[in-house]
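Chemist: So the sequence lines, in the order shown, correspond to chains F and X.
So that you can map any letter, position 787 of the first sequence is 787 in the UniProt record's numbering, and since no number is skipped, the others follow by simple counting.
So that you can map any letter, position 226 of the second sequence is 226 in the UniProt record's numbering, and since no number is skipped, the others follow by simple counting.
In case anyone wonders, no lab produced these hints; they're calculated from the structure.
From the three backbone atoms N, C-alpha and C, an ideal C-beta is built for every residue, glycine too.
Please note: incorrect hints may appear among the correct ones.
[What the hints assert, rightly or not] A short, non-exhaustive set of chain F residues, derived as facing chain X with CB atoms under 10 Å:
id	residue
1	I31
2	P414
3	N429
4	A482
5	N553
6	P557
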Amino acid sequence: MYLSLDWVKDWIKLPKDLSAKQLALDFTMAIVEVEEVVDRAANLQDIVVGRINEIAKHPDADRLQVCQVDIGEKIEQIVCGGINLSKGMLVAVAKPGSRVKWHGEGELITLAKTKIRGVESSGMISASEEIGLGSLFPQKSDKEILDLSGFKVKVGQNLAEALGLNDIIIDIDNKSINHRPDLWGQYGLARELAAIYKLKLKEYGTFDLKGQSEVKLKVTVEDKDNCFRYLGLAIKNVKVEDSPWWLKKRLEAVGIRPINNLVDVTNYVMYELGQPMHVFDAKQIEDSHIIVKQANKGDKFVTLDGENRKLPDGSLMICDSKKYVALAGIMGGQNSEIGTDTTEIILESANFKATNIRRTAIGVGLRSESSARFEKSLDPVLAETAIRRATQLVLELCPEAYVASNLVDVDNNPFKPITLEVPEQLINNRFGVTIPTAEIKDILQRLKFDLKYKAKIFTIGVPSFRATKDISIPEDIVEEVARIYGYDNINFQLPKVTISSLQASEEHAAARDIKTWLSLSQEYCEVYNYPFTNQSWAKKIGLDLNNHLKVKNALSPEQAYLNISLLPNLLARAEENIRWFGEFRIYELERVFEKTNKSIYHTDNTRKKFLPKQDKYLAGVEVSKKNPPELFLATKGLLEALMEHLNIEVSFEPIRLEYGTVVYNIRYHDTDLGYFGLLDKSLFDSGDVKVNVAFWQINFTLLLKYINKAKRYIPLAKFPAVYRDMAVVVDANLLWADLQAEVTKVSTLIRHLEPFDIFSGTGIKDGKKSVAFHLEFRSHDRTLLTEDVDKLMEQILEVLKKKFKAILR
Amino acid sequence: MEKKLQELKKRFLQELDGVKDSRLLFDLKNRYLGRQGELTKVLKEVKNLAAEEKPKIGKLANEVKNELTDVFLKTERIINNNQGTTLDFDPSLPGIKETIGHLHPSSIVQYEMEDIFAQMGFGVYDGPQVESEYYNFTALNTPNDHPARDSQDTFWLEQGLLLRSQTSNLQVRMLEKYGAPFRGVFPGRVFRNEATDASHDHTFYQLEGLMVDKNINIGNLIAVMKSFLSEFFNTEVDVRLRPGFFPFVEPGFELDIKCLICDGQGCSVCKQSGWVELMPCGLVHPEVIKAGGLDPQEYSGFAFGLGFTRLVMMRYKIDDIRLLQSGDLRFLKQF
Numbered sequence: 001m002y003l004s005l006d007w008v009k010d011w012i013k014l015p016k017d018l019s020a021k022q023l024a025l026d027f028t029m030a031i032v033e034v035e036e037v038v039d040r041a042a043n044l045q046d047i048v049v050g051r052i053n054e055i056a057k058h059p060d061a062d063r064l065q066v067c068q069v070d071i072g073e074k075i076e077q078i079v080c081g082g083i084n085l086s087k088g089m090l091v092a093v094a095k096p097g098s099r100v101k102w103h104g105e106g107e108l109i110t111l112a113k114t115k116i117r118g119v120e121s122s123g124m125i126s127a128s129e130e131i132g133l134g135s136l137f138p139q140k141s142d143k144e145i146l147d148l149s150g151f152k153v154k155v156g157q158n159l160a161e162a163l164g165l166n167d168i169i170i171d172i173d174n175k176s177i178n179h180r181p182d183l184w185g186q187y188g189l190a191r192e193l194a195a196i197y198k199l200k201l202k203e204y205g206t207f208d209l210k211g212q213s214e215v216k217l218k219v220t221v222e223d224k225d226n227c228f229r230y231l232g233l234a235i236k237n238v239k240v241e242d243s244p245w246w247l248k249k250r251l252e253a254v255g256i257r258p259i260n261n262l263v264d265v266t267n268y269v270m271y272e273l274g275q276p277m278h279v280f281d282a283k284q285i286e287d288s289h290i291i292v293k294q295a296n297k298g299d300k301f302v303t304l305d306g307e308n309r310k311l312p313d314g315s316l317m318i319c320d321s322k323k324y325v326a327l328a329g330i331m332g333g334q335n336s337e338i339g340t341d342t343t344e345i346i347l348e349s350a351n352f353k354a355t356n357i358r359r360t361a362i363g364v365g366l367r368s369e370s371s372a373r374f375e376k377s378l379d380p381v382l383a384e385t386a387i388r389r390a391t392q393l394v395l396e397l398c399p400e401a402y403v404a405s406n407l408v409d410v411d412n413n414p415f416k417p418i419t420l421e422v423p424e425q426l427i428n429n430r431f432g433v434t435i436p437t438a439e440i441k442d443i444l445q446r447l448k449f450d451l452k453y454k455a456k457i458f459t460i461g462v463p464s465f466r467a468t469k470d471i472s473i474p475e476d477i478v479e480e481v482a483r484i485y486g487y488d489n490i491n492f493q494l495p496k497v498t499i500s501s502l503q504a505s506e507e508h509a510a511a512r513d514i515k516t517w518l519s520l521s522q523e524y525c526e527v528y529n530y531p532f533t534n535q536s537w538a539k540k541i542g543l544d545l546n547n548h549l550k551v552k553n554a555l556s557p558e559q560a561y562l563n564i565s566l567l568p569n570l571l572a573r574a575e576e577n578i579r580w581f582g583e584f585r586i587y588e589l590e591r592v593f594e595k596t597n598k599s600i601y602h603t604d605n606t607r608k609k610f611l612p613k614q615d616k617y618l619a620g621v622e623v624s625k626k627n628p629p630e631l632f633l634a635t636k637g638l639l640e641a642l643m644e645h646l647n648i649e650v651s652f653e654p655i656r657l658e659y660g661t662v663v664y665n666i667r668y669h670d671t672d673l674g675y676f677g678l679l680d681k682s683l684f685d686s687g688d689v690k691v692n693v694a695f696w697q698i699n700f701t702l703l704l705k706y707i708n709k710a711k712r713y714i715p716l717a718k719f720p721a722v723y724r725d726m727a728v729v730v731d732a733n734l735l736w737a738d739l740q741a742e743v744t745k746v747s748t749l750i751r752h753l754e755p756f757d758i759f760s761g762t763g764i765k766d767g768k769k770s771v772a773f774h775l776e777f778r779s780h781d782r783t784l785l786t787e788d789v790d791k792l793m794e795q796i797l798e799v800l801k802k803k804f805k806a807i808l809r
Numbered sequence: 001m002e003k004k005l006q007e008l009k010k011r012f013l014q015e016l017d018g019v020k021d022s023r024l025l026f027d028l029k030n031r032y033l034g035r036q037g038e039l040t041k042v043l044k045e046v047k048n049l050a051a052e053e054k055p056k057i058g059k060l061a062n063e064v065k066n067e068l069t070d071v072f073l074k075t076e077r078i079i080n081n082n083q084g085t086t087l088d089f090d091p092s093l094p095g096i097k098e099t100i101g102h103l104h105p106s107s108i109v110q111y112e113m114e115d116i117f118a119q120m121g122f123g124v125y126d127g128p129q130v131e132s133e134y135y136n137f138t139a140l141n142t143p144n145d146h147p148a149r150d151s152q153d154t155f156w157l158e159q160g161l162l163l164r165s166q167t168s169n170l171q172v173r174m175l176e177k178y179g180a181p182f183r184g185v186f187p188g189r190v191f192r193n194e195a196t197d198a199s200h201d202h203t204f205y206q207l208e209g210l211m212v213d214k215n216i217n218i219g220n221l222i223a224v225m226k227s228f229l230s231e232f233f234n235t236e237v238d239v240r241l242r243p244g245f246f247p248f249v250e251p252g253f254e255l256d257i258k259c260l261i262c263d264g265q266g267c268s269v270c271k272q273s274g275w276v277e278l279m280p281c282g283l284v285h286p287e288v289i290k291a292g293g294l295d296p297q298e299y300s301g302f303a304f305g306l307g308f309t310r311l312v313m314m315r316y317k318i319d320d321i322r323l324l325q326s327g328d329l330r331f332l333k334q335f
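With these hints in hand, go ahead and build the complete structure from the sequences.
Modeler: See below:
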């Protein structure tokens, strides 16, 4: 939305010493953010009105002419290639130093005094596009010079001043005024400026008009739920032509291209009041009958821009007795548009339900200036003001025209007047500062609220232009007062609080602890991934995409499924990093999403339905040059250390997975917490580098339940331990875990057992292996004697012989 | 005698200072401290002194002897330990470091923010990312067809579910669960269905804050934000509020900080305005308090939504947001 300072001067007189920059800042601080301040005259600096006194042929170029141009302070010689030059013609002269576009194209360049084919030339006689005025003065050819002869301008005068283009435009982000339907027109903006600068605001006016019954205009609103008000008026004897300069200039200032006087009037009123309008060629409206109703399912309609559009269900249409003539509130139809031969028109000024317009506009894929305004919930009162104003303008622009029908008004305005009771205390409490009562009253009156004050309560009548959705509760009034009073006047004060019992999140503390542990002690790098699963890896590790939650409006098909495991993305990242690193460890802790299981989170306050399960998982991948056994044991060691860190006693059991070679699950009693293993290398593309890949994944949400903070110290040993080693030859496939279990069973005096050398080959029979291990013996109540330990060693060997046919080495 | 001792001491120390190797050191020792050394000679003379002078000078002589011996031994150790440079290794080689992993830069910044808020009594909470329309929008006073839903392009799933577009989805959940008074922050990732470029990603991180208690006002909000930001940026930060519309706050604000690069003078970072837009915030809308099961007559509160991915980028001068989710270890190993 553009605010034109020239335009709002119709109703307010801005302080003389107010700079545009200050105004933009004040606007930002009290109303909405200003994006940019544009001084329209800035690009017309050093461009002046000149008169061509003499024209001579260029001695060396057929298409160029040498002109003597009076630019006020002196006569300049300028070489020009224009085709419409004539003696006495008033032109725009860009002096050396001014900024222009060559032939209306490319970047602005700075003009300099030069010689053209040997002839001195001081500046440029400009075409409209060369000085950024192409939309106000459309060029018929690129050699056509801007002719100012029809304007009352003085030679030597700055062009912006001469044409009244010295306007300042305040650019406001449309998104920031979504909630303010009243700020979509110049008058509403003027009203806010009047409020912040305490200015007198001129009434907009009522624009009386006299109805006639020559045309029997009829309006039938069938869909009252979506059309809150519809006003129509027929005017005859109009003449379609270019708009006058003052009107063009204003439309251009707010970014609208002038088209013809009738269309321009509707746009002018829309930009002035915020009320969109439409004008029909009355001869195309059958029976002078306007009907407002919903489109039939599946129908199509050709809009003004020539597009044949499929109408979404529920589209509200403006029709005559036979056909659709406009897509309500969005765009008119080609079949009834104004042409050069139009002589009779019907003006439309209506109010439609915001949500209907919004849905249809989205559905049909057409967001127009009109629909943008209707979507904001416009004030139905505006519709009448607008049609009266537009009629006045049409009659002004077409002196022959006359009103040919009565002003037809079908009014189903559903908005009730709003009255709010606002305790003075509420305003001060929320603001945190006591604002004098008189100041509150003054601010609210400046904002055009109707006001009564009794027993420290304000009874506030909300004006209709703020009552359609913007202001509805007392807190809205707090904001109104506060923003005008100024947020700069707030006392910064830390809140006085009640200390309540802490509901610290253990989950969060644990996550942070584990991440820190992995990153700062285990050489693992934390990775953040998107929630969308890598589908190729999901398939490789046997995940069925049908079990994934699907994004309906995915950015791309690759980003359509939500993770049910963190591994696909981690493995993909691992594959990418191979290019740069031969060995690395990465992990992620995030939520994964299950399609069928339910979470503990309810979907609404009825607490009957629950969201999909979305536990947090912790997963990692190690890419390593270690051999597979080493890598497997390193990964197992990591998980053992992690579980020790968390004080959770887990066990590991072998499982089979299609994508892993050795895979174990991680169990706490009967609960599976996760799994780890070595990846089938054929799945992983590591280029020329030879690596092994380990993976692990734990359900962190589940793990959390078993983290045990209760830790008790073990008293330090009072008696010394005895250390021995033993080496036995056993079957090659005997598991250490089995051997360890049998040895440990022999006596409670055996405190610790640790393998240190396992080998087969030289000196060991086929199918056998040598296992050497350290043993620690200790008693809690006496010093063990050599004989005690010897005896235990014998017992151990006996057991190993018996159970595993072990032979002592 | 006393003068002689002082002079001797001075000379000894001067000479010692110039000694660079053990040969000269040995020589020096002999000349002063040896059996025939100058100091030894002086000490021997003590016994010839008058009786009344003997204790005083004797004491001084001993002190000088001890001092010089100490200084000598210290110098001797230094010279011997560093003798020659015949080391059997090159100490100028790079140090040997234990390799460790790295936290993600967003985690580092997030934890720092949490700690600051924790000191102000804000708990840290978390919640669902696959969310219902109710908690992401409706309960936040943003009914269906509200234009504000437009400004947050949302990823939709089946059955009206969505990927949360804001951490505000936890506001009503937390009020339902914990009631009032409540003070908490909710960091986490959020999702918007928009095309990505160097400064936009469809997945990014927010830290939502919510405080609900009796008589919470705008001044409280600014004071808390100012405390937080000053601590976070480790310098006194000036803030300003200006109007901003978000359906779940009333009044609603944009909070700007005075540009830390130019100190408000205007530069390219703040687009010459002197201020940098940092976060939307406001007083909690009565409808939201109500949705949380509380009485808006009794309770009020403030909420803010800090997009901290931007803070991470500011802190580390990261110029492409997509690096954060790239999993590229060349990037991640820098933190």
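Chemist: Taking 10 Å as the limit, does the beta-carbon of N429/F come near enough to a beta-carbon in chain X?
Modeler: holds (6 Å)
Chemist: Using Cβ atoms only, decide whether P414/F comes closer than 10 Å to chain X, and label the hint accordingly.
Modeler: Because about 16 Å separates P414/F from the closest Cβ in chain X, which is outside the 10 Å limit, the hint is violated.
Chemist: Hold the hint about I31/F up to the distance rule: shortest CB distance to chain X must be less than 10 Å.
Modeler: holds (6 Å)
Chemist: Tell me if N553/F is really an interface residue toward chain X, meaning its C-beta lies closer than 10 Å to one of theirs.
Modeler: This interface hint holds because 5 Å falls under the 10 Å limit.
Chemist: Would you settle whether the hint for P557/F is holds or violated, based on the nearest Cβ-Cβ distance to chain X being less than 10 Å?
Modeler: Violated - the Cβ of P557/F stays beyond 10 Å from chain X, reaching only about 14 Å at its closest.
Chemist: For the restraint on A482/F, tell me whether the closest CB of chain X is nearer than 10 Å.
Modeler: Holds, because the Cβ-Cβ distance from A482/F to chain X comes to roughly 6 Å (cut-off 10 Å).
Of the numbered hints given earlier, the model fails hints 2 and 6; all others are met.
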